[in-house]
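Chains Z and U are the protein sequences, given in the same order. Heads up: the first sequence at position 219 corresponds to 219 in our numbering, and the numbers run straight through without jumps. Heads up: the second sequence at position 517 corresponds to 1517 in our numbering, and the numbers run straight through without jumps.
If you are wondering where the hints come from, they were derived from the structure by calculation, not from laboratory data. One or more of the hints may lead you astray.
To be verified - Between beta-carbon pairs, the in silico distance windows are: (1) Z/F187 to U/G1222: 33 to 41 Å; (2) U/D1354 to Z/N44: 40 to 48 Å; (3) U/P1208 to Z/G47: 45 to 53 Å; (4) Z/A132 to U/P1184: 29 to 37 Å; (5) Z/G47 to U/P1157: 24 to 32 Å; (6) Z/A316 to U/R1385: 35 to 43 Å; (7) Z/T63 to U/D1436: 56 to 64 Å; (8) Z/L51 to U/P1208: 36 to 44 Å; (9) Z/R40 to U/Y1104: 49 to 57 Å; (10) Z/F62 to U/K1172: 47 to 55 Å.
Glycine included, C-beta positions come from ideal geometry on N, C-alpha and C.
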Amino acid sequence: MTNDIIWKLIIVFGVLFVTLNVAAGLIWLERRLLALWQDRYGPNRVGPFGLLQVLADMVKVFTKEDWIPPFADKPVFIIAPAIIVVTIITAFAVIPFAPGVEIVDLNIGLLFFLAMSSLGVYSVALGGWSSASKYSLLGGLRAAAQMLSYEVFMGLSLMGVVMLAGSFNLTDIVNAQKGLWFCIPQFLGLVVFFIAGIAETHRLPFDLPEAESELVAGFHSEYSGMKFGMFFVGEYLGITLVSALIVTLFFGGWMGPALPPIVWFTIKTFFFIGLFILLRASLPRPRYDQLMSYGWKVMLPLALLNLLVTGGIILATGR
Amino acid sequence: MENTLHITEELRTTFGEGTIIDQPTCDAIPTVWVPWNRVTEILTYLKTKTDNPYRMLFDLTAIDERVRSHRQGQPESDFTVLYHLLSYDRNEDIRIKVALRGEYPSLPSVTKIWPSASWYEREVWDMFGITFDGHPHLTRILMPPTWKGHPLRKEHPARATEMGPFQLPGEKEDVEQRALQFRPEEWGMKRRHEDTDFLFLNLGPQHPGTHGLLRVILELDGEEIVDAVLDIGYHHRAAEKMGERQSWHTFIPYTDRIDYMGGVMNNLPYVLAVEKLAGIEVPARAKVIRVMMAEFFRIVSHLVWYGTFAQDVGALSPVFYTFNDRERIFSLMEAVCGGRMHPAWFRIGGVAQDLPRGWDKMVQDFLDYLPSRLKEYDKIVMQNRIFKARTMGIGSYTLDEAMEWGVTGPGLRACGFEWDFRKKRPYSGYDQFEFDIPAAQHGDCYDRGVVRIEEMRQSLRIIEQCLKNMPSGPYKSDHQLATPPLKERTMHDIETLITHFLNVSWGPVIPPGEAAFAIEATKGNNGYYLVSDGSTVPYRVRIRTPSFPHLQMVPHISRGFMVPDLLAILGSIDYVLADVDR
């Protein structure tokens, strides 16, 4: 019994430690990868390959003046950046990194993730609202509209997977992919989920809430110091979470030959993280209304179609 | 010449013998003086009634004539307001001058005839204190709203040392800040309409998307732009005023910094205008060198535009690629001129030095390098679907609107009008080159891009021809006013030594007269109008820059679009704030 508790505690703190470090490390990884794709060096001065840049950045962000604008709605302004970090880290609780390596084996794991990512919207919307600045307001409005509408078919796109696996439990879903990874039967679902995932984490090409060439820094224009750092880390946590989920739901989670499960899980996750960064390096940004109509007119019908076809096939084959 | 006689004769017969007074100028642009109270009538006639009308207000400026010598044959005047019109049908210009008497004179506004006159008249008021009756919003445009005096008047000091140290105590700071506050009512804008409260958004002067210090005040309904007001002048460095204290020769480096993306391209219209005043014939080699260098800078400017435009639309990477390419040109520039962004390398009568050994290899290398890169950018930028969705049909204007607002350069050609000074009025030997004028049809953000990208390819063609056919001979004229004179001879004969000494210490004395020269610069037509009263410094330097009218048009073409579209529009116009504010 005590062994169980210790094991759980190790996993809890292990996951917390690893995800936070991965998120921080991603700042370095993204800058180096972007630099590679943009014909330049990126941070390469601090430590080997510039790896300690992350540390230097942390020292900087922690020692910066933590300024709250006098016109801001103070309590909300302070809580907003915490929400995104807390909700995303909480969502990591249901992800099975390897057989037995997960914090809770929740039988509604997938719904829990969707709930948490919906809560994440509050962070951005409230951050933009409480700043009482026009750029933040526009950014916050965009964020609320974008994330809410992409939330709809993010959920729908996953229902195909749930139908095939017959469970909301993520471990069950991984186990259901033993013969065939869901990326093949659920290709449409994968595409829709991936796009919705980018929108959820508001990364380029869906970084409209920040859109630095339009809104300066969008919803976090007024944030500085560690509060800004939380948004920043929150974004990378989000990327890691969505990548981990794509792997879990569509690419067989920890499964793979020869290497230990956790290694496979990590390799796959980093592949998708890299894809996120590559997208950022290569695509321009659509306009707000284009993004919305793309969501409602293309992605939503696609997600519904996927649901219909999957349902039909399951009905016809009787599973 | 036939047309020249024709238009002044026509004006004389239409408006009466006594109203029109001819003035001969060095540049052979027909120049006539008209009375101030008939100016709107005459300008309306020229714009609409005459055959092959003068559709475009190319420039509108003024001269403080009070201390000018050598004004033989010109009517008495304290301040002269000058309208420079351009007719595309005739391929002809005309200059209308209005003599004004008194310390702070006034005359009727022509904003009703040309909407583009608005900013020009504000500038003249700001700089000279000349009032334009009937102007809808005659306020300062380049100087801060709290400025005392009108800088281009001759009594206004030109040096900081004449003005006492600058101080900004608390009270003054408050006054300055209050003056910058935007009051929509002053611009005829409403704070609310029916059940909508408008949001007024200050975009700039510090903003990542405005390419410099530009303040756009947006009246927003949600994210939709109801109206916009542009506040410029944050980059004003008094280039024209400096022209009045620098010698003819030492003003050249200042021109580099007008359109700071254009490098030596800026030198060109200035030295061409001075050469016209001085009557200097430039040797063939110098002409071809100038063309080659100018075309290189056209590519430099367009590359910066390409990258930053893509960035404005959200693509992060292209800007790094194009800046890398630009670095290659800069290394070439460094080898030839010693300078990179601002080589200040053209001289009155030629260029500073001959081309260095091995220049041809470097040029050839670049010619081999760029085309494949441009092809790649086509794929990642111009053919990208998101990019197309963001730029097609956005910020478009018709050819008529373009002429009304004084649009020149790629922006004009994007409306399907093949007008290029290099073809229509070949200068510096452009008639010897084979190249096409790229044009597009829709006049929107995307088409302005298409034109510029094709222009880069054409520039490469021109450079290739320069490389293959570089004439031999001197790189500078042996005219006595060419500055500095050819150095090789200064150590051998005393005459050249004396000229050299005088031209370097005092600067050359350019004969009295007036000349304007406009070229097809990187962003449109860049023109210099120089007035000499026979001294070592210009009496008046007027710099007509393309970005000024282009930017003025922004509110007109961005109404009804959304905030991100505004950034796409700003990016597609390719202005440089230094080119706007001078």
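Comparing the hints with the structure gives:
1. Against the hinted window of 33 to 41 Å, the Cβ-Cβ separation of Z/F187 and U/G1222 comes to about 37 Å, which satisfies the hint.
2. Take U/D1354 and Z/N44: their Cβ atoms lie about 41 Å apart, and the range 40 to 48 Å holds.
3. The given range of 45 to 53 Å is broken by U/P1208 and Z/G47, whose C-beta atoms sit roughly 30 Å from each other.
4. Restraint check, Z/A132 to U/P1184: a C-beta distance of roughly 20 Å breaks the suggested window 29 to 37 Å.
5. At about 55 Å, the beta-carbon gap between Z/G47 and U/P1157 misses the expected band of 24 to 32 Å.
6. For Z/A316 and U/R1385, the hinted distance range of 35 to 43 Å is satisfied, since their beta carbons lie about 36 Å from each other.
7. Between Z/T63 and U/D1436, the C-beta spacing of about 58 Å keeps the proposed range 56 to 64 Å intact.
8. A hinted range of 36 to 44 Å for the beta carbons of Z/L51 and U/P1208 is inconsistent with their spacing of about 29 Å.
9. Between Z/R40 and U/Y1104 the Cβ separation comes to about 55 Å, which falls inside the hinted range of 49 to 57 Å.
10. Hint check: Z/F62 to U/K1172, Cβ distance near 38 Å, so the stated range 47 to 55 Å is violated.
Checked against the numbered hints above, the structure violates hints 3, 4, 5, 8 and 10; every other hint is satisfied.
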